[in-house]
Structure formats: structure tokens, C-alpha cells
Amino acid sequence: MKKKINPFWPSMAAVFIAGMIFTEVADNEFYFFASYVVLQAVIMATAWNILGGYTGYVNFGSAGFFGVGAYTAIALHKAFGLPLPLLILAAGAMSGLIGLGAGYLTLRIKGVYFAIATLALAIVFETIAINWEFVGGASGAYILTPEEFLFFDSYIEMLFMLILSLAIGSVVVARYLSTSRIGRGLAAIRDDEIAAECNGVPTLKLKLISTSVMGAMMGVAGAPYPFFVTYVDPASAFNLLIAVNAIAMPMIGGTATWLGPVIGALVVGGMQEIITVTISSEMNLLVVGVMLVGFITLAPKGIVGLVQDYLKKRRSR
Amino acid sequence: MVLELFLNAVVAGILLGGFYAAVALGLSITFGQLDIVNIAHPAFVIVGSYTTYIINESLGLDPILAGVLATPIFFGAGVLLYRFYYVSFERTGQESLSGLAFFFGIMFIVEVVLIMVYGVDYRLVEADYIGKTISFGFIIIPIRMLAPFLMASVMTLGVYLYLSRTFNGRAILAVSQDRLALQLMGADPVKIKQLALGIAVATAAVAGSLLIIIGPVEPSVGRLYIGRVFAIVILGGMGSIGGTMTAALMIGVVESLVATFYGPSWAPAVGFIILLVTLAIRPQGLFGRA
Numbered sequence: 546m547k548k549k550i551n552p553f554w555p556s557m558a559a560v561f562i563a564g565m566i567f568t569e570v571a572d573n574e575f576y577f578f579a580s581y582v583v584l585q586a587v588i589m590a591t592a593w594n595i596l597g598g599y600t601g602y603v604n605f606g607s608a609g610f611f612g613v614g615a616y617t618a619i620a621l622h623k624a625f626g627l628p629l630p631l632l633i634l635a636a637g638a639m640s641g642l643i644g645l646g647a648g649y650l651t652l653r654i655k656g657v658y659f660a661i662a663t664l665a666l667a668i669v670f671e672t673i674a675i676n677w678e679f680v681g682g683a684s685g686a687y688i689l690t691p692e693e694f695l696f697f698d699s700y701i702e703m704l705f706m707l708i709l710s711l712a713i714g715s716v717v718v719a720r721y722l723s724t725s726r727i728g729r730g731l732a733a734i735r736d737d738e739i740a741a742e743c744n745g746v747p748t749l750k751l752k753l754i755s756t757s758v759m760g761a762m763m764g765v766a767g768a769p770y771p772f773f774v775t776y777v778d779p780a781s782a783f784n785l786l787i788a789v790n791a792i793a794m795p796m797i798g799g800t801a802t803w804l805g806p807v808i809g810a811l812v813v814g815g816m817q818e819i820i821t822v823t824i825s826s827e828m829n830l831l832v833v834g835v836m837l838v839g840f841i842t843l844a845p846k847g848i849v850g851l852v853q854d855y856l857k858k859r860r861s862r
Numbered sequence: 082m083v084l085e086l087f088l089n090a091v092v093a094g095i096l097l098g099g100f101y102a103a104v105a106l107g108l109s110i111t112f113g114q115l116d117i118v119n120i121a122h123p124a125f126v127i128v129g130s131y132t133t134y135i136i137n138e139s140l141g142l143d144p145i146l147a148g149v150l151a152t153p154i155f156f157g158a159g160v161l162l163y164r165f166y167y168v169s170f171e172r173t174g175q176e177s178l179s180g181l182a183f184f185f186g187i188m189f190i191v192e193v194v195l196i197m198v199y200g201v202d203y204r205l206v207e208a209d210y211i212g213k214t215i216s217f218g219f220i221i222i223p224i225r226m227l228a229p230f231l232m233a234s235v236m237t238l239g240v241y242l243y244l245s246r247t248f249n250g251r252a253i254l255a256v257s258q259d260r261l262a263l264q265l266m267g268a269d270p271v272k273i274k275q276l277a278l279g280i281a282v283a284t285a286a287v288a289g290s291l292l293i294i295i296g297p298v299e300p301s302v303g304r305l306y307i308g309r310v311f312a313i314v315i316l317g318g319m320g321s322i323g324g325t326m327t328a329a330l331m332i333g334v335v336e337s338l339v340a341t342f343y344g345p346s347w348a349p350a351v352g353f354i355i356l357l358v359t360l361a362i363r364p365q366g367l368f369g370r371a
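Residue numbers (the working numbering), protein chains in the order written: chain V, 546 to 862; chain G, 82 to 371.
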């Protein structure tokens with residue numbers, strides 16, 4: 546039998562190269578702004594799914610982890626003028642620690658409590674940001690974009706390639722987590738936590754790994770955000786839409802695999818960009834909410850599930 | 082001077098806490114008794130506020146009366162919601178993850194629809210007593226706080242009596258504990274849960290009318306109540322009405338003291354911090370069994 550080459554790595558490389566070519570070819574900056582938002586959504590959705598999809602624990606506070614990442618970056622940038630890569634690392638560490646703490650405190654009890662605790666965390670951190678004058682308090686903070694942008698033509702092109710690389714990185718991590726031994730343990734937790742525990746699966750440890758990774762990834766997604774929008778206030782960094790999108794995209798794409806959140810983020814994120822431009826941003830919010838509820842009730846396996854069912858039906862015919 | 086400030090803050094906190102109990106009451110039934118994690122409840126309360134606003138604005142009725150008049154519609158909506166929830170999730174045993182995300186989506190849709198129809202402006206109601214105060218010595222009590230407190234107490238007492246004295250009420254208390262025993266007593270668990278969610282959503286109509294008496298309301302105010310009401314219900318021992326009332330008064334007083342001595346921008350976080358501490362240290366609540 547011929548050994549099959551896994552198409553995952555070549556396709557990731559192809560995406561990266563396509564991104565590089567895109568920066569050379571496209572000159573309308575809007576495309577980079579729109580793509581940035583969608584790719585940021587890919588990271589958030591992928592991160593959410595590591596906990597929500599793989600273990601079945603719902604995180605309502607994605608905006609909290611994202612906002613902590615953004616504000617960590619702002620604070621360290623203002624205090625020490627650290628470069629962006631270090632800010633991303635610091636933001637990831639900070640949000641990862643918060644994920645670990647939240648998981649440690651609540652995952653030992655019922656899953657519902659974790660969901661509610663994450664919601665509470667987001668509000669607590671938002672209140673701290675509102676009352677923290679150093680990073681601008683309620684009125685927000687301005688970030689001056691640096692003058693140099695490596696070998697790219699503009700700053701936004703560099704940010705675009707940065708977020709593309711981060712998105713690829715998060716997909717690689719998510720895929721590793723789902724296909725490795727850890728992933729099988731996480732799936733066992735989702736199906737029957739007590740049975741998993743009885744069979745020697747270290748459930749608490751695995752849950753803590755996934756909450757930490759989830760938190761860290763969301764922090765990483767938040768760190769470049771201040772440089773992307775150049776003005777951040779608590780209301781935008783902790784926006785409920787971020788949390789809703791992080792839940793809606795995996796649910797719409799399909800939570801069972803690493804691919805689902807990516808597809809969900811590309812479809813929903815792309816649609817949001819179009820609706821925001823052509824209709825209105827309120828309409829965009831409504832569509833996401835309705836799609837979320839619609840998919841949960843009618844197609845709980847998401848787009849990936851629908852496609853799989855369709856292919857199965859065709860093959861059996 | 083500090084003592085005066087302190088006592089006024091405590092009194093204001095008690096009045097506020099009584100109102101919080103009215104908001105948490107519905108969640109105490111759904112989350113505490115039925116195990117339905119209805120995080121959309123605060124959003125329903127906001128809908129109650131807007132309903133009150135519309136009735137008050139168009140017919141000039143008293144806001145509390147308007148809230149009470151809206152309860153049958155809210156009850157019906159609650160019954161429909163349970164029907165939908167039952168068919169989509171509970172029957173197939175997917176209520177944990179999908180059910181949570183479902184109510185989160187409902188909350189978001191309600192908020193966005195309110196914003197699309199009424200915008201983000203603050204809305205308020207009119208009544209003779211709003212703006213008046215009574216004072217006992219140096220303690221000043223605004224009627225816009227006292228009236229909601231009294232109405233909330235009446236409603237909480239009413240729900241308490243209903244749950245503890247009537248057959249259907251006791252069936253609601255029993256439904257999550259032992260379905261089979263309940264069926265043997267001749268009560269259909271699905272109908273009982275439907276009734277319970279109806280009552281829970283109906284309380285949101287009254288709670289909403291109280292909210293808009295206390296102060297102006299805009300669509301996203303509901304989010305701040307999520308932490309408060311869950312803190313109250315969990316601290317109160319999940320579903321105990323007396324516990325809910327006690328926990329609500331506690332959170333009201335603490336919040337009022339924080340707002341008086343540290344500034345109002347910290348007050349919204351109080352409920353959430355109490356919630357996090359409760360979850361970490363004593364998840365069964367103050368009055369719950371371990």
C-alpha cells in the first residue's frame with residue numbers, strides 16, 4: 546500500500562505563500578483590514594473550540610481573555626516600549642494564566658459554573674480596565690503605529706502576515722491537540738467525564754491544559770489588536786460581539802474537528818464584513834445571533850457535519 | 082457624617098437588594114429548580130422594561146401596573162420557550178452545551194433587536210411618585226427605590242407561597258429531584274416544567290417594570306445583571322426562595338457601600354466578584370447542602 550502524504554502541512558504552507566503573494570499583488574488596503582478581522586476570528590474560534598468543542602465546556606468570556614491580551618500589550622508597550630513579538634508572548638502568558646486559574650477554581654465543580662464564571666471574569670476585567678488610568682481608563686488608549694514595517698509595503702500588510710502566521714500556528718496547535726493522545730482524552734471527557742476518570746484519564750489535568758491553551762490563544766489574538774485599530778477602549782476590547790463570535794463560529798462550522806471553527810470563522814467572518822459594508826453593523830449582529838440559534842437547534846454538527854452527512858448519503862447511493 | 086453616609090448606603094442597599102431579588106426570582110426557578118441555565122433571563126427583564134415603557138408612554142398607566150398587566154404575555158412566551166427548548170435539546174439529551182449556547186444566542190438576539198428598534202438611547206417612565214423622597218431624620222428614602230422594593234417583596238412572597246402551598250408549586254420543586262416519583266403522583270414533568278418556565282419569565286415582566294422605575298434603561302443594561310443574578314441564585318443555595326432573598330439583600334448592601342465609598346464605576350463588578358469567590362470557595366451557596 547502506498548503511504549499517503551498528509552495534505553495538512555502542504556496546505557498550511559500553501560496558505561502562507563498565498564498570503565505573501567497577496568501582499569505583493571493587492572494594493573487596496575481594505576482587503577487587508579477585512580482579512581485581518583476574519584483571521585483574528587479564526588484564532589478566536591479555534592481557541593474556543595479547544596475547550597468548547599473538544600471537552601464540552603462552554604466559555605462565555607472569550608472577550609475577557611481577548612481584552613486582557615489587548616490590555617497587556619497596551620500596558621507593556623506604554624511602560625517599556627516592548628516590540629510586538631514580546632507583547633504577543635506576554636499577552637498569551639497572561640491570558641493563559643487566567644484561563645488556568647479560572648479552570649482550576651471552577652472545573653472541579655459542574656460545567657455550568659465554569660460557563661458562568663467566564664462570563665463574570667470578562668466583566669471583572671472590563672471593570673478593572675475602566676478604572677485603570679494608566680491604560681486610558683474608560684476613555685481609552687491611543688497607540689502610535691511604528692514607522693518601520695520590515696520588508697512589507699505598509700504597516701497593515703505586516704500586521705496581516707503576522708495575524709496569518711498566528712492563525713496558522715493556532716490551527717496547528719488545535720489539530721495537534723485533537724489528534725494526539727491529549728485529544729483522545731479530551732474527547733473522552735466530552736462523552737462521559739465520569740467514565741473517563743474511572744478509566745484513568747487524568748481529566749482535571751487535561752481540562753486545565755485546554756483552558757490554559759484556550760486562554761493563551763485568545764490573549765495572543767488580542768495582543769496585536771491595539772496596533773490594528775490604533776485606538777482601544779474597554780467597550781471595544783471587551784465587546785460582547787467577540788464572545789458571541791467565538792461561540793457562534795465553531796458552532797456554525799462544527800465543533801467536532803479542528804476544521805469546523807476555521808470554516809465557521811471564514812464563512813461567518815467573511816459574511817460579517819460584507820453585511821457591515823453593504824447593510825449595517827446592527828444587521829450583522831442580528832444575523833450572527835440568528836445563525837447561532839438556528840445551527841444549534843437545526844444542525845448541531847455544523848457545516849462540517851452537514852457536508853459529511855451529504856457525502857455519506859451520496860456514497861451509499 | 083461618615084455614619085450618616087454609611088447608614089444611608091445600607092438602607093439604599095437593602096432597597097436595591099429587594100429589587101435584585103425580583104430580578105433573580107425567575108432564574109432561581111429555572112436554574113435552581115429546573116436545571117435550565119437561562120442566561121437570557123436578564124434580557125427578558127429588559128424586554129419587561131421596554132414593555133412597561135411602551136404601555137406607560139402610550140396609555141399613561143402606572144409602571145408597576147403595566148408590568149403586572151404584561152405578565153400573561155410573558156407567561157405565554159415562557160411556555161413557548163420551554164416547548165422549543167424541550168423539543169430541541171432536553172428530549173435529545175443535549176441540554177448542557179447546546180442549551181447554554183442557545184440561551185446565550187437568545188440573549189444576544191433580544192439585545193440586538195431592542196437596539197435596532199429603539200436605538201441605544203436611555204428610556205424612562207413617568208409616574209407621580211418618581212422623584213419624591215421620604216426622610217426619617219438623616220435617612221433619605223427615594224420612592225423610586227421604595228416602591229420597587231415593596232413590589233419585589235410582594236412578588237417574592239407570592240411565588241414563595243405558590244411554590245410551597247399549592248400542588249403545582251410543590252410539583253415544580255420536585256421535578257428536578259425525582260421525575261419518576263412526580264409521574265407517579267399524577268403530574269406530567271414536561272407540563273410542570275413548562276408552567277415553571279412560564280412563571281419564571283412572567284416575573285421578568287414585573288422585574289423589568291421595577292428596573293425602569295429605579296432608573297433609565299437601555300438594551301445592554303441586562304448584561305450587568307447576569308453576574309448579579311447568578312451570584313444571588315448560587316449564593317442563595319440554588320432555588321431556595323428565602324436564600325435568594327437573603328443573598329439579594331446582601332449583594333445590594335455590599336454594592337451600595339462600594340458605590341458610596343469607592344465610586345459607582347466599581348459597583349457592577351461587585352456581584353461578579355462575589356460570584357467568582359462563591360464558585361471558588363462555597364459553590365453550594367450559603368444555605369445549600371454540601
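If you're looking for bench data, these hints aren't it; they were derived computationally from the structure. Heads up, some of the hints might be wrong.
If you anchor each label on the Cβ, the simulated ranges turn out as follows [claimed, not checked]:
#1 G:212 / V:573: 48 to 58 Å
#2 G:212 / V:710: 30 to 40 Å
#3 G:259 / V:563: 58 to 68 Å
Dumping the calculated SDA-like pairs for lysine to any residue here, alpha-carbon to alpha-carbon at most 20 Å [what the hints assert, rightly or not]:
#4 V:846 / G:172
#5 V:750 / G:361
#6 V:846 / G:168
#7 V:846 / G:173
#8 V:846 / G:167
#9 V:750 / V:740
#10 V:846 / G:169
#11 V:846 / G:263
#12 V:846 / G:361
#13 V:846 / G:171
Please read all numbers here as calculations on a predicted model, not as lab measurements. Each residue gets a CB set at the ideal place from its N, CA and C atoms; glycine is no exception.
Against the structure, the hints:
1. As the Cβ distance of residue 212 (chain G) to residue 573 (chain V) is approximately 56 Å, the hint placing it in 48 to 58 Å holds.
2. The beta-carbon spacing between residue 212 (chain G) and residue 710 (chain V), approximately 59 Å, falls outside the hinted interval of 30 to 40 Å.
3. Take residue 259 (chain G) and residue 563 (chain V): their Cβ atoms lie about 59 Å apart, and the range 58 to 68 Å holds.
4. As the CA atoms of residue 846 (chain V) and residue 172 (chain G) are separated by approximately 17 Å, the hinted pair is consistent with the 20 Å bound.
5. Between residue 750 (chain V) and residue 361 (chain G) the alpha-carbon distance is near 18 Å, which keeps this suggested pair within the 20 Å criterion.
6. With a C-alpha separation of about 17 Å, the suggested pairing of residue 846 (chain V) with residue 168 (chain G) holds against the 20 Å cut-off.
7. Pair hint residue 846 (chain V) plus residue 173 (chain G) holds up; C-alpha atoms about 14 Å apart against a cutoff of 20 Å.
8. Restraint check for residue 846 (chain V) and residue 167 (chain G): satisfied, since their Cα atoms lie roughly 19 Å apart, inside the 20 Å limit.
9. Note on residue 750 (chain V) and residue 740 (chain V): the hinted pairing holds, with a Cα-Cα distance of about 16 Å set against a maximum of 20 Å.
10. For a cut-off of 20 Å, the pair hint linking residue 846 (chain V) to residue 169 (chain G) stands: about 14 Å separates their Cα positions.
11. Among the hinted pairs, residue 846 (chain V) with residue 263 (chain G) is inconsistent with the structure: their alpha-carbon atoms are about 34 Å apart, more than 20 Å.
12. Under the criterion of a C-alpha separation no larger than 20 Å, the hint pairing residue 846 (chain V) with residue 361 (chain G) is inconsistent with the structure, at around 33 Å.
13. For the hint linking residue 846 (chain V) to residue 171 (chain G), the alpha-carbon distance of about 17 Å falls within 20 Å, and the restraint holds.
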